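Using the sequences and the accompanying hints, generate a full structural model.
Chains A and B, in that order, are what the protein sequence lines are.
According to our numbering, the residues represented by the first sequence are 1488 to 1724, in order.
According to our numbering, the residues represented by the second sequence are 1488 to 1724, in order.
Quick caveat, the hints were computed from the structure, so don't treat them as lab data.
Keep in mind that this is a model prediction, so the values were computed, not measured.
The beta-carbon is built from N, C-alpha and C at its ideal position, and this holds for glycine as well.
Errors might be hidden in some of the hints.
[Stated by the list, open to error] Negatives, chain B to chain A, calculated, CB over 12 Å:
(1) Leu1547
(2) Ala1576
(3) Glu1651
[To be verified] Where chain B lies over chain A, by a calculated footprint (3+ residues, C-beta under 8 Å):
(4) 1606-1619
(5) 1623-1635
(6) 1655-1661
(7) 1678-1687
(8) 1695-1703
Single-letter residue listing:
Number of protein chains: 2
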Amino acid sequence: MSNRIQKTADSMRQKDGTDRASGSLRRNTTSHILDAAEKVFSCHGFSGARIDEIARVCELPKANVLYYFSTKEKLYQATLERFLDGWLADADVWISEKHSPYEGLLKYVQAKIVFSRRKPEVSRLFMQELLSGGGQIEDFLSITLKEHVERLSHVFKVWQERGEMKAVNVPHFMFMLWSMTQSYADMQVQFAAVLGRKKLIKSDFDDGLQTIMQLLSSVCTDAGTSVPEADRTPAPR
Amino acid sequence: MSNRIQKTADSMRQKDGTDRASGSLRRNTTSHILDAAEKVFSCHGFSGARIDEIARVCELPKANVLYYFSTKEKLYQATLERFLDGWLADADVWISEKHSPYEGLLKYVQAKIVFSRRKPEVSRLFMQELLSGGGQIEDFLSITLKEHVERLSHVFKVWQERGEMKAVNVPHFMFMLWSMTQSYADMQVQFAAVLGRKKLIKSDFDDGLQTIMQLLSSVCTDAGTSVPEADRTPAPR
DNA sequence: GTCTATATGAAGATAGAC
DNA sequence: GTCTATCTTCATATAGAC
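Pasting the structure below:
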C-alpha cells in the first residue's frame, strides 16, 4: 500500500519558468518546500503526510525542511495560508454587474476548471482539510468565504432585477459551482477511470465545462450555445 | 491540532435500533469495528488514521481490533469493501426507462442527497481513497463503475429518443450528479460555515436538492416545478 | 545555511495471561 | 475471545559537525 508522490518536471522549474543548475543559489528554498508540501499533504492529509516524503519530493534532507519550518504543523499551516490567499481572487472578478450572467458564469466556471487542471493539488489539499474537520481554516470559511458569498448575492440580485437571471438560492447555487468544478481535481481518478483513461486529458476538462454550462443555461436567460476552449485564462497566480 | 472523533449516540445503537447493555454479547463485534473504522478512515485517510483511535471509538482495546483484523491494511480494505457493495444499488433503480427523466433524476438525486446526510462518513471515505490515488478501488472504478455508466447511457438514450430529455455527455453529466450530491457530505463543513451554522440541518439538504433540480430542468423536457421533501427514501442499506 | 547522526516518542503488531 | 504488557519500527524533532 505505497503511494509515493512522483517528482514532476514542473517541480524542477522555478516560478519564472527557467531551469537552474542544482548548485546555484535557489532564490527561494521556502517556496520549493511549500510546493512539495502541497503535493504530499493533498494526498495524505496532515496526519497521514510524512516530512520524510516531503523532503524527498523537494530533494532536500529532512532536517533541512525542519530548518525552514520548525514543526510539521507550522509547515502545514504555511501551506494552507499560501493557497487561501489566492483562492478567491482568481475567478471572482467575473461575477460582476459589468458582465452578463452567462458570460460571467462562463468565465467563472472556466477559471475554476482551468485551476482544477493546472493546480489539482491545491483543490485536493483544501478537500483534505475539509474532510478532517476544517479546524485550520475555520476563520476563512466562516468569515472570508461567507462575506464573499454575500458579495456575490448582490451581483446575482442585480442580474435578476435586470431579468437576465432566474431566482436562485445563492449559497446553494455557489455550492454547485464549487463542487462541480473542484470535482475535476478531487475526483480526477474516478472520472478518468470511468472514461477509460489513466488520467484526464484537456478535452475532458473542456467537456466538463460544456456540461456545466448546459446545466447553468437553465438559470441564465441570455444563455448562448457556443462554449469556447477552457484554456484562455492566464496561469493561476 | 487534535481532531478527535466523537462517539455519537448512533454508534451506541445496534442496527435494529435497540440499545444493549454493555455486558451482553454483541451479535457482531466485527460490524462495530467497521463502523468505527469508517469514521476514522473517512476523517484521516489510511495513513493518517490510528488504530488506537478506531479502538477508542468502538470502545475496545486496541489488541481486540487487531484480533479481528490482523493488520491495519486488512481493516481498511474490509471497510472499503463493505461500502462498495451498497454504493451503486441504492439510487440506481430510478434511472430506468420505466420512469420519466425528471422523476427518475429527482429520485436519484434525492436518494444521493439523503445518503450524504445519513451516511456522510461513507462518502468521505470514498473521497479519501480517491485523494490518495484510489489504488485500493481501482477495479471498482475502472470496471464496475465504468460498466454502470454504460448502462445508464442506454437509459438516457431511450429518454432522448422519446424526446423527454436533451442530449448530454453522459459520463460528464453523471460526474455532475455525483459531485453535487456528494459535496453535501464531503464539503459539509464548508457549506455549514457559509450558511452560518455549525453543521447542516435537514432543510439545507432540501435546499440543495431543489437547487440541483433547478439546474437539471435544463435537460429534462418534462421538468415539473414542485420538489418534494428530501426524506421519503428508506434508510440506506 | 546545509546536512549526518541520534534522541524521544508514537504507532503497529505480538506474546501470553486470563 | 478478551485484554495488559511489551517488542519493534518508524517519524518528528534536535544536536552538533561542517
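Going through the hints against the structure:
1. Leu1547: holds (21 Å)
2. Ala1576: Fine: 18 Å to the nearest Cβ keeps B:Ala1576 off the interface.
3. Glu1651: holds (16 Å)
4. 1606-1619: The restraint on the region 1606-1619 of chain A holds, since 6 of its residues have a Cβ under 8 Å from chain B and three suffice.
5. 1623-1635: That given contact holds, which follows from 6 residues of the region 1623-1635 of chain A lying within Cβ reach (below 8 Å) of chain B.
6. 1655-1661: holds (count 6)
7. 1678-1687: Three-residue rule met by the region 1678-1687 of chain A, so holds; n is 5.
8. 1695-1703: holds (count 7)
Going down the numbered hints, you'll see the structure goes against none, and every one checks out.
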